[in-house]
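Peer 1: Hey, can you work out the whole structure from these sequences and the hints?
Number of protein chains: 2
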Amino acid sequence: MKGSEGLLATAAAAGVDICFANPGTTEIPLVEAFDQESGVRAVLGLSEGVVTGAADGYGRMTGRPALTLLHLGPGFANGIANLHNARRARTPIINLIGEHASWHQSADAPLNSDIESLARPVSGWVGRTTSASTAASEFAAAYLAALRDRLPATLIAAADHMWGQGSMPVEVPAAPDRPQVDEQRVAEIAKVLSSGRRPVLLLGGQALENPEAIRTAVRIAAKAGGEVLAERGSARVERAPGIPPVRMLPYFPEAMSATFEGFSDLILVGARTPVSFFGYKGQPSHPLPDGVKVHELADADADALHALAALAEATDSAAEKLPKAKRPEVTAPTGALDADAIAAAIVLTQPENAIIVNEGVSSSAAYPAIADAAPAHCELSQTGGAIGMGMPVATGAAIACPDRAVINLQADGSAAYTVQALWTQAREKLDVTTVICSNSRYRILDEELRRAGIDDPGAAAASMTSLADPALDWLQLARGFGVDATRATTGEELRTALSRAVTESGPHLIEAVL
Amino acid sequence: MKGSEGLLATAAAAGVDICFANPGTTEIPLVEAFDQESGVRAVLGLSEGVVTGAADGYGRMTGRPALTLLHLGPGFANGIANLHNARRARTPIINLIGEHASWHQSADAPLNSDIESLARPVSGWVGRTTSASTAASEFAAAYLAALRDRLPATLIAAADHMWGQGSMPVEVPAAPDRPQVDEQRVAEIAKVLSSGRRPVLLLGGQALENPEAIRTAVRIAAKAGGEVLAERGSARVERAPGIPPVRMLPYFPEAMSATFEGFSDLILVGARTPVSFFGYKGQPSHPLPDGVKVHELADADADALHALAALAEATDSAAEKLPKAKRPEVTAPTGALDADAIAAAIVLTQPENAIIVNEGVSSSAAYPAIADAAPAHCELSQTGGAIGMGMPVATGAAIACPDRAVINLQADGSAAYTVQALWTQAREKLDVTTVICSNSRYRILDEELRRAGIDDPGAAAASMTSLADPALDWLQLARGFGVDATRATTGEELRTALSRAVTESGPHLIEAVL
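As they're listed, the protein sequences go chains P and C.
Using the working numbering, read the first sequence as starting at 1 and increasing by one per residue.
Using the working numbering, read the second sequence as starting at 515 and increasing by one per residue.
A couple of the hints might just be wrong.
A short list of chain P residues far from chain C (calculated; beta carbon distances all over 10 angstroms) [said to hold, decoys possible]:
1) Arg41
2) Ala140
3) Arg247
4) Pro351
5) Glu352
Just some of the chain P residues that point at chain C, by a computed CB distance under 7 angstroms [what the hints assert, rightly or not]:
6) Pro23
7) Ala109
8) Pro121
9) Gly385
10) Ala386
Just so you know, the hints here were simulated from the structure itself, not pulled from any lab data.
Note that this is a predicted model, so its numbers are computed, not measured.
Heads up, the beta-carbon is just placed ideally off N, CA and C, and yes, glycines get one too.
Peer 2: Written as structure tokens, this is what we have:
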């Protein structure tokens, strides 16, 4: 069989079932192979930021890598920003980049460029096919790397290797389990916890995706007289009435540091030492009060579930009763909309098992603050700060979980980066409801100007934060891409629109005017 | 003054007057500095592909670098594809990438990434600021590199260096002139031309942007009994009734090779040895018939004008009468639209001195085939194959030349990459008319499937070339971004719509339904 067919058959046999694609001429042999290999379904995106962001959303929900199919260096480059987010989310993805035929590369044809240099900053693994007959095993290496590293892996596939005959599918080796934290480390942390001081466990990554991990952490903290916090910008956080609420770290460094006041020891469980999103004059990179000692139980790669279970045993917390959780009370929003009203409307209308994709930017914090009042759901956040992830990640999450409702809480400025994702939502008839927080501003930049002491920016600076002239008409944009759309200016209207959107099948967009 | 102010004052003094921008928090000091330095105007784009493509269009029309202002690695990455095109177009651009404060970089905050690795493939020069007081001279180095190399130059500006005091504007040294071709080379080529065989001059780059260079080349060829051809995918081609028509090389390698049949010697004047856009089985990378000898008069960096003048003198062609040019006859299109009809409608309605931005892809060749019948104009083409350049380049060209009409002949699939450019056209009230060639397909991929022998692709492959389900509603998309829009299904309707669009001020979009 052809190299492209051996590669796709290898992918299908390994359980890869989706390829988010924006192909060009060099990818024609792979495009054709989708008709030979029914195990992998191709989903078209109008631009590569949609493709890679969708693969991120898919991978966050399934833990399995989706393929992306991209067109040489420039096509890949368009997808880098959302791969940056995927790298921060630790999402396995396998990028297939079509490349000129091997014998044509030295001619430096117009689309030729240094693909490796572009790929390395967002890939845990970068490789090239070397022939048709080895393409399947080269794919297997990329697959293994993506799962082992939980990062995007990038395979550059030359067109002649994909057209060439002599390929055979290969069996993909099993990915290694996450490394387990050693007993010594667990014993050390147990000692810290039993020292009678006031510890805080900071959960990240795997620990926030697993209800039992969260319960175990809360038991450990309760026994030690401490608390549990959640890292900001997590790939996926699970919440449900049966899961203890965990407070999320705030955005700005002063507030982050204040959150840790009064604690003696910070125990990292799949989380990093807290880092300020940006460097602000007079604020440290790692905003922690003096005297807080940092201990790492499990890094982002380690088996945090096992580490927590071992720590619970070592601290005799396993049988600890879960403290009575105080859940937020949410009242139905009325009148003019603000970020709190939008969050409340979502919490009150989201169905059981919804997936919330939160790229609210300046409107993002309101939702997690009250989300413990909502039915069981998970929230996918902005992990890497590369804006334009919301709509694509929502698209990929909906492909991954066709029986769950997806609600995308979406800032308007960020939405404008990858609004093309709406077309894939329409084409695939996905149950995604996009709520545009429409303030016609880059409001986060207004806040940053104020933080820098510029309360009254001049005309030039002010114009750089305004999206008002002309205002984006989100209803026309959505309909232009084939998505049903409506506008809400009050809490009542927003709840009505949300109720309808999550009930009807197919994608909807609601412009929530702030 | 602050680093950002010294930098912008240096830019303004050097004649840089435009900054295409999509800033974030790390760029706040530069955003604020636009109010201190009125010499540089900031133009906002909704995404970075718009920003870099606009800088390409601006640089192609003025020969001067525009600034781009981009947000760390991911923001820059979104602009790489159009910088790839700018690199192929040899457009000077200065990218300013805001970066974390120098003391914050090692903390690996979420937006941290290897910016140099991303920047090198599309930049002739990459550097970093090292302090507030040196930022202006570091900018001067980037400026000089952009003009000297005629390539994007990328300066990574740390936020603390931009906020810091102690900066002073510096004077920017003059860029060196293009190197002149030596007499020996000219004499060798003159000897080839006088050998009585049948030469062809292939013009590229600078030689196609200068009417006198085209005339000189045609005189030289006439005297030698040869012909003149134009490289495909040129940054800018000038056409006017007083400029001899020059045929453009075709796209596919068989046709390219056939064009050179019967010629003995190929003389490159600012052009490269012809290269096939993609590598096709059985076709060479450089499609030339056996026996055609290639000679380089001037490479893309050399002073092609001087080289042609010297060659004209050496061959005694300077006084040669220009051969009577046969200009195409164009009849007004009627009835259903195809690529030829769209091209004809544009040729018949474009006003004097229009700028035609051609990203027609599968509809692109029809326009240059008849463009010598049009009033004086220039055409900006797809140089690097990274699609999504048309709307941004048109935007930048209109900013560069506010008194000229810009007509963007635009494929629908490519338009969907950077459709956000329409918003900047509306905001800046630019006289851009976008003609969408709306066939609801990636038609070039249909052609490539057929070339690969796949006349009847399966359902999966066929779905990868179709944009029909749902069809993009270009009128709603344009209006959503604030641009007036209309639809044309016949030649008559298209001519009416074009006449109105080029007469009225401000941007217009016409969906030409194929």
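Peer 1: Taking the hints in turn, state whether each one holds.
Peer 2: Verification of the hints:
1. Arg41: Given that some Cβ of chain C is not farther than 10 angstroms from that of P/Arg41, nearest at about 8 angstroms, it is violated.
2. Ala140: P/Ala140 clear of chain C: closest Cβ-Cβ about 23 angstroms, beyond 10 angstroms.
3. Arg247: 20 angstroms, holds
4. Pro351: 26 angstroms, holds
5. Glu352: 30 angstroms, holds
6. Pro23: 6 angstroms, holds
7. Ala109: 5 angstroms, holds
8. Pro121: 4 angstroms, holds
9. Gly385: 4 angstroms, holds
10. Ala386: 3 angstroms, holds
Hint 1 from the earlier list is the only one contradicted by this structure; the remaining hints agree with it.
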